[in-house]
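For chain S, the structure is supplied; the task is to place chain V on it using the hints.
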Amino acid sequence: MRKVTKNQIEQLYTFVEKHYVEWYDVQTELVDHLANGIENQWEINTETSFDTALVNEFKKFGIYGFSDLVEEKTKALNKHYRKQVLLYLKPFLELPKIIITLFFVWALFRLMHFLDDKNLLMMGLVIVIFSVHVFHVIRIKKGINKRKKKTGKKWLFENNIIQLGGLIHFLNIGVWSQNLFASDGEWTTTTELIISTCIVLYLLIFFISVVIIPKKLKEKMSKQYPEYILS
Amino acid sequence: MHKYFMYIYCVMKKSNLYKGSLTTIILKLLNEHDKMYGYEITQKVKAITNGELKITEGALYPSLHKLEAQGLLDVEVLKVDNRLRKYYKLTEEGVKETVNKLNELEQYIETMRALVNPKFRFE
Numbered sequence: 001m002r003k004v005t006k007n008q009i010e011q012l013y014t015f016v017e018k019h020y021v022e023w024y025d026v027q028t029e030l031v032d033h034l035a036n037g038i039e040n041q042w043e044i045n046t047e048t049s050f051d052t053a054l055v056n057e058f059k060k061f062g063i064y065g066f067s068d069l070v071e072e073k074t075k076a077l078n079k080h081y082r083k084q085v086l087l088y089l090k091p092f093l094e095l096p097k098i099i100i101t102l103f104f105v106w107a108l109f110r111l112m113h114f115l116d117d118k119n120l121l122m123m124g125l126v127i128v129i130f131s132v133h134v135f136h137v138i139r140i141k142k143g144i145n146k147r148k149k150k151t152g153k154k155w156l157f158e159n160n161i162i163q164l165g166g167l168i169h170f171l172n173i174g175v176w177s178q179n180l181f182a183s184d185g186e187w188t189t190t191t192e193l194i195i196s197t198c199i200v201l202y203l204l205i206f207f208i209s210v211v212i213i214p215k216k217l218k219e220k221m222s223k224q225y226p227e228y229i230l231s
Numbered sequence: 001m002h003k004y005f006m007y008i009y010c011v012m013k014k015s016n017l018y019k020g021s022l023t024t025i026i027l028k029l030l031n032e033h034d035k036m037y038g039y040e041i042t043q044k045v046k047a048i049t050n051g052e053l054k055i056t057e058g059a060l061y062p063s064l065h066k067l068e069a070q071g072l073l074d075v076e077v078l079k080v081d082n083r084l085r086k087y088y089k090l091t092e093e094g095v096k097e098t099v100n101k102l103n104e105l106e107q108y109i110e111t112m113r114a115l116v117n118p119k120f121r122f123e
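First to last, the sequence lines map onto chains S and V.
Under the UniProt record's numbering, the residue at position 21 of the first sequence is numbered 21, and the numbers go up by one with no gaps.
Under the UniProt record's numbering, the residue at position 93 of the second sequence is numbered 93, and the numbers go up by one with no gaps.
Just chain S, with the same shape it has in the complex:
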C-alpha cells in the first residue's frame, strides 16, 4: 500500500502553515488527518498524485479551510484554562484552606484599618501586580521565542497562557485601579472589608492564573508531545 513519505509529511506541515495554522499542536493533528485521507485515496487509486489527493482532502474542510478549527480550538483552550483556575480556586473557598483565605482578608483589613493613607497601600498593590503581570508576559514570550528558535515550533496553548485563557481583561489591574482609590478619602469599615475581600480573591485568581496553571499546562504538554521542550 502506498504511504505518505517523510518528505511529504514535511510538505503537509508547510501546507497547513500556509493555510494560517502556525501552531504545531494544531498542525500535527491536521497533518495526520490529511495524510490518512491521502493514503485512503491511494488505496482506491494508487496513481493519484500527492498534490491532487491533498487538494481533495483539503476541500473536505469546507470553504473556510482550517480557520474555524483554530478559532474553535482557541475557544476550547480558553474555556479549559478558566475551568482549571476555578478548580484550583475552589479549595481556597472551602475548609480547611478557607481559613488561610480568611486570615489574609483579616490581615489586609487590619492593615488598611490602621493606615492613614490607604491610597499608598493601594498604589503599592497596583504597582506590584502590574509589574508581576508584565514580567509574566515577557517571560512567556521569551520562552516562546527561545523554543521557536531552537525547534522552529510555536504552540497554541502558550498563546493561551499569555492571554491567561481570556482572563487577561478581568485581571487587568488598570481596569480596577480607579475603584481602589477612594476619591474623597473616606473609608468606612464595610468598604475596607469589601475591598480586602475583593483584593484577596483577585490575588488568588491572579496567582493561580499566572503561576500555577501555566506550569501545569506546560508539564501536561511535555508529557503529550515529546517535541515540547520545557525550559
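Think of the hints as simulated: they come from the structure by calculation, not from any bench.
Where a beta carbon is used, it is the ideal one built from N, C-alpha and C, also for glycine.
One thing to keep in mind: the hints can contain errors.
Per the computed footprint, the stretches of chain S lying under chain V, defined by three or more beta-carbons under 8 Å from a beta-carbon of chain V, are [said to hold, decoys possible]:
1) 1–13
2) 34–47
3) 63–71
4) 76–82
Just chain V now, kept in the frame of chain S:
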C-alpha cells in the same frame, strides 16, 4: 453499538440534526474502543452507517477539542509510521458522561418516534 448508530441513522439521515448528537457519537465510539484518532472516527461512523452519515472534518475536531477541554477526553500523542498521531480516550468523567448522553439520546429517539408514529406508544 450498531443499534445506536442505526437509531441515529434512521432519525437523522441526510439531515443536519446529527450535529447536536455529534458529541454522543464521539463518546459512544470512544467507549467502545480504547483510543481513537480523528480520521479513524470519521471512517468508523461512515462504515457503521454504510456511508449515509458522514462526520465533516470541520465539525469533528471542534467537538473533540471541546470534549478535551471539558475534561471528558484524555490525549495521547504517538509516533505512527513517520508522523505523530493524536489519540483520544475517555477519562473517568467521560465514561460517566457517555452513559448520560446515551440515555438522553434514547429518550429523544423515543419521543420522536412517539411523535412521528403516535400508535407506537400503545402497541
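Hint check, failures only: none
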